[in-house]
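Engineer: Each chain, letter by letter, is given below.
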Amino acid sequence: MSTRRTRRDFLCGSAAIASSTLLPMPAIAQAAAKVVVIGGGFGGATVARALKAAEPKIQVTLIESNATFTACPFSNEVIAGMREIGAQQFGYDKVRAAGVNVVIGTATVVDQTGKSVRLADGATLPYDRLVLSPGIDIRWGALPGYDEAAAAKMPHAWKAGEQTMLLRRQLEAMEDGGLVVMSSPANPFRCPPGPYERANLIAHYLKTKKPKSKLLVLDAKDQFSKQGLFQKAWKELYPNHLEWVSLSNGGKVVSVDAATNTFTTDFGKHTAKVGNVIPPQKAGHIADLAGVSNNTGWCPIDPVTFESKQVPGIHVIGDATIAAPMPKSGFAAYSQAKVAAFAIVKLFAGEQPSPPRLLNTCYSLVGPDYGISVVNVYRTANGALAEVEGSGGVSPADASPDFRKSEAIYAEAWFRTITGEVWG
Amino acid sequence: MRAAIVVAALALLSSPASAASPEPPNGAAACSACHSTNAAAQTPVPKIYGRSADEIVAAMAAFRSGQRPSTVMGRIAKGYTDDEIRPIAAWLATQK
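Heads up: the protein sequence lines correspond to chains A and B, in order. So the first sequence is numbered by the numbering used here: it starts at 581 and just counts up by one. So the second sequence is numbered by the numbering used here: it starts at 9 and just counts up by one.
None of these hints come from the bench; they were simulated from the model. Each hint can be trusted.
The calculated BS3-like cross-link candidates involving lysine-lysine, where the alpha carbons are at most 30 Å apart (straight line), are:
1) B:K55 x A:K985
2) B:K55 x A:K674
3) A:K790 x A:K812
4) A:K787 x A:K815
5) B:K104 x A:K637
6) A:K801 x A:K853
7) A:K674 x B:K104
Chain A with its partners taken away, still in its complex shape:
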């Protein structure tokens, strides 16, 4: 499989180079490999910088739609009024200073045969290898009643930014006693523990600011990330402010009505004062345009190189990939970006990339000074990723308050460190 891909890659993209091998070496040495990266989040900005650091001769262009990136991790704290949105925002000056050509623009066409990317403004960027780190898009219409217009009324807040602020403002404007309803989708989706962290922090907000109010979580699943720890915390901290309805208990939302803020399940209707719909998702749209997503909406990849299994020469990292058991998280994207960068350098050098060891740590806040985590180490096995046996796991069930507090402190330190490495 990998030999065939390499050969196709060679045949498709490198005819000119093949003939150039007949030229004297000094002329050949002038050619510099070009990598274009689409998406400037945790994955994209990291792969761009890692490529440049590993091999400064590679010309790296990073295409990102927004001049300022708004990070999702910790945005649940913004919703709950515990943090300001500015603490989530990062620019690209340091990425530029690292030698990456950062282009603020939107990619609209990927020409697989001609190996180039076209931007909305008409500019064309040629590449030898393309890396897509497009994150997620909402699967509009997959949940009947939930389209872009509905999201302006019932925010998803699953891409940080204006949506995050909209949900926060709605909670702030709600009168005490109001019902907040959140729906959580079936797997897979961005940030598996995210809905439950959000539920905690909204419950914390209600308990402290609107004590007569309550949060109802309607879930399309029976099981979720760090479930035991979350449920223990709910009982301890939010017995009167948070109710979780599992799939088995009729939690699956089958439609929403934005006009009335109503969530409909097979068993009834819940009308909210504030409705937060975490909808079904897919890989960012550019993945479809590039032909690297499949009928699941996500992108199959080779776990050693993160090269698309569908289109040679295009690598995909982060939330857009099918990389289970790795979750769709900023840390996972960072980990994958480093692996992809070193693999690309090796592929350009004609060397065989070695099977990687990947890492993910996801912290969640249950309340102030109360953090929990899930950790895993991954290796490749049988053409896919697998957890290293005996490693990883979640925080202990019986941990002391000091332990929980340490994890809250480490969570914040993680965010500061990773964003420093990516954008600082």
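Got chain A sorted already, so can you dock chain B onto it with the hints?
Structural biologist: Frame of chain A, contents of chain B only:
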């Protein structure tokens, strides 16, 4: 065919062997998500870049056995054998 691919790929980069920073050993690249590479960074998470290799190897063994209490490091250390830790520790020691 393989030889042609190698030649073509070599042509893309003038001197791949002279990469500015050698590739970190397998599993080392993601440490920096929590352990800052910036010596000046203010963080409660210990600095590991530029630390002696012996210290890293010993710490990972102690995390793995539980002899050294931790929040996440015990769970991470169980994902690596001593043989896998040694090259990572040696590489970290060179990263000042």
